[in-house]
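Asks: This is what each chain is made of:
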Amino acid sequence: MIHNLLIALQNVTPVPKDIPLPLPLSEWLLVVLLVVSFLVHLLFVNLMVGGSLLTLWSQIKGLKNKEYDILAHEIAATITVNKSIAVVMGIAPLLSINVLYTIYFYSANALTGLMWLAVIPLVTVAFLLTYLHKYTWETLENHKAIHISILAVAVAIFLFIPLIFLTNINLMLFPEKWSLVKGFFSALTLPNVFPRYLHFIFASLSITGLFLHWYMGRKNYPFETIFPTFTRYELKKKGYSLALVGSVIQFLIGPIVLLTLPSKGLGWNLVFVILIGASIALPAMWMMWKGIKGDETTIDKDFKKVLILMTITVVFMGSGRQIYRSNALEKHRELVRLKTNEFQEIKKIAIAKSKEAKANESSANLSGADKGKAVFNQFCAACHKPDVKLVGPPVKEMATIYKGNKGDLQKWIKNPGKKRPDYPQMPGFESQLSQEQLDQLSKYILTIK
Amino acid sequence: MLVAGIFGMFLITIFTKSGSELRLNAVKYASKWLLLWAPISMMGAFIYYKAMPDAMTANMSTAVGTISFSQYYDLLKYFVGAGVGFTLIVGILGIYKTKVLKPYIVIVPVITAIAYLGFFERVREFIRKPYVIGQYMYSNLLLEDDYVVYKQDGVLKHATYTTVNEITEDNKVEAGKNVFVIACSRCHTSQGVNSVVYVFDRMYGGNGKPLDIASMAAYMPNMHSGRTFMPEFPGNEKEAEALATYIKYLQQTGDVLEGVQEEGISINPNNTAAALINKNK
Chain A
1 MIHNLLIALQ
11 NVTPVPKDIP
21 LPLPLSEWLL
31 VVLLVVSFLV
41 HLLFVNLMVG
51 GSLLTLWSQI
61 KGLKNKEYDI
71 LAHEIAATIT
81 VNKSIAVVMG
91 IAPLLSINVL
101 YTIYFYSANA
111 LTGLMWLAVI
121 PLVTVAFLLT
131 YLHKYTWETL
141 ENHKAIHISI
151 LAVAVAIFLF
161 IPLIFLTNIN
171 LMLFPEKWSL
181 VKGFFSALTL
191 PNVFPRYLHF
201 IFASLSITGL
211 FLHWYMGRKN
221 YPFETIFPTF
231 TRYELKKKGY
241 SLALVGSVIQ
251 FLIGPIVLLT
261 LPSKGLGWNL
271 VFVILIGASI
281 ALPAMWMMWK
291 GIKGDETTID
301 KDFKKVLILM
311 TITVVFMGSG
321 RQIYRSNALE
331 KHRELVRLKT
341 NEFQEIKKIA
351 IAKSKEAKAN
361 ESSANLSGAD
371 KGKAVFNQFC
381 AACHKPDVKL
391 VGPPVKEMAT
401 IYKGNKGDLQ
411 KWIKNPGKKR
421 PDYPQMPGFE
431 SQLSQEQLDQ
441 LSKYILTIK
Chain B
1 MLVAGIFGMF
11 LITIFTKSGS
21 ELRLNAVKYA
31 SKWLLLWAPI
41 SMMGAFIYYK
51 AMPDAMTANM
61 STAVGTISFS
71 QYYDLLKYFV
81 GAGVGFTLIV
91 GILGIYKTKV
101 LKPYIVIVPV
111 ITAIAYLGFF
121 ERVREFIRKP
131 YVIGQYMYSN
141 LLLEDDYVVY
151 KQDGVLKHAT
161 YTTVNEITED
171 NKVEAGKNVF
181 VIACSRCHTS
191 QGVNSVVYVF
201 DRMYGGNGKP
211 LDIASMAAYM
221 PNMHSGRTFM
231 PEFPGNEKEA
241 EALATYIKYL
251 QQTGDVLEGV
261 QEEGISINPN
271 NTAAALINKN
281 K
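Residue numbers (this note's numbering), protein chains in the order written: chain A, 1 to 449; chain B, 1 to 281.
In short, the hints are calculated from the structure, not lab data. Quantities reported herein were computed from a predicted structural model and do not represent experimental measurements. Just so it is clear, CB atoms sit at the ideal spot from N, CA and C, and this is done for glycine as well. Check the hints yourself; a few may be wrong.
[To be verified] Looking from chain A toward chain B, a few residues come up when the C-beta cut is under 8 Å (computed):
id: 1; residue: Val15
id: 2; residue: Leu114
id: 3; residue: Ala118
id: 4; residue: Ser179
id: 5; residue: Trp289
id: 6; residue: Lys353
id: 7; residue: Pro421
id: 8; residue: Pro427
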């Protein structure tokens, strides 16, 4: 029974042939580019999503406490900047994954078609909304409900777009599921999409917490003139708390992400890298905890160390993601290589055959009129028949019109005008036919019987 | 640069006070900018136009719109002329009669300059045809090199995704549908914009008469000779006939082809992992 199931599985796994071209760079370099550039992109996406969530929360809280409204205003100013960097930094990983995993990425994109394309209008709308929100702070001062709603819509879109990306990046790993998927929503329900999504959201909050700590502590930031009651220390502490809580939750979601990963890419290499990454985060979390428990003088003490450790963790996690991808697709890529080579062999034989056929054809000695007929069949027969109108007028009519007037007939073929209102425009053949072919063709047309 | 200059000037005339020092200076700067770039842009357009390979210049009439546009062959030149010309006039006005320039005057060259840009974009997109990667991949995403196999065996046999890989008397419509998806659907819809039914009907007179399967099937293998922007039909004769049958079916029933994001895919049994492994035992 298990054997039959295996066969059934094999039968639903497509093996497309790849484009038989070498990669433009060595594979390892493209992989490094993909991992590094993606992490940079993701950092700013995290700040954009986390920042907008934090702004929304803070602005709602600001309805009662004006101080939070100011905080919301300050964070809102960073969203659009981080968003612009996120978009620009998204290009390199997008191109890298397209080049490295062409058939996988394109297949997933095609299978989720409309929703994948919807990323563009959704992103556009969300971005414009964040600008609108940022620049109407004073105008909508007395219409807070409207002002907050603008941001809420942007946040809702920001929360949805990562689901589209995650669905596709997940779907591309499982060619055996491609024939079972019917559109975006069915691809969304594949295991692992939602755990990864939650992982992403809490990473966003965690990283935004660290960002808040840094942003509020900058020396050239005129904190005291902006906030009447909040102190730098208070907000740094809030930033640390958010980062710490986010990280603790990551430790709960992380194992779920790992366990819901389909087993096919789950090797010891992956588990090893993920565990090292997670263990490096532990001392960072301890330092944050100490910072929160300490006082104003000690809160900055380990901040740089925390950043360095967290960066290392993120690099390990990003590498883990690539290791899983590489593990998961290894076997299938082998099949694709086999298929691609097989097709190249078929092609070689077909080319030899067609060359042979062509050689036989040209060795047959055609008379002048026969050559003209061959030209006619290739270039004209699609629209002209000898006796009746097809697209254009019948050949016999041409023969009558241009009787003894080879020159005008050839001129017309090269650059046709339009004489008959109920016929479509004929395309010109000046660039396709040589003078020799034109002579053969006009001879054939004018002598047709 | 030209569009940036003229659009910038448009914004200046909207957002600065008429007659103010700032306005006068800014408009003068923008004018100088326009006068600097207009001739360069003109030259660029000319070089671009000349540099296009001959076969592609022959495609220009279709690039501009449809094949019936061929008599408007020169339209692009007029657009370039108008775009650059208007901007030049505004540039000269801006220097000598700075105060004359109001938003409603500047909007005219803004529109023509953007039209000029859009026109060139359209042309640039179109002159690649029939290729998407010149001399390598056709706009139906099939490789030119691979055609020899498809013509010999048919596209369906080698397709990764198809519900039919062997054409019989009974499955022509279904087979034609698959051929359509593989060979045509990158550019043609079944019933919507640039639909395959519409283009055939237009070619045969545009009167909605029932399409003739034999004529369409005979037309396909040679269509690229007359319609140079079309890739060569990749399949064999049987597939051309099946495709023609499907096109007529589309015309007669008004049936709509759904994309894979709705219907999903069916794998060609020739191209499953199992088939490949069995073959290479």
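Asks: Indicate, hint by hint, whether the structure satisfies it.
Replies: Status of each hint after checking the structure:
no.	hint	in the structure
1	Val15	5 Å, holds
2	Leu114	5 Å, holds
3	Ala118	11 Å, violated
4	Ser179	5 Å, holds
5	Trp289	47 Å, violated
6	Lys353	7 Å, holds
7	Pro421	11 Å, violated
8	Pro427	5 Å, holds
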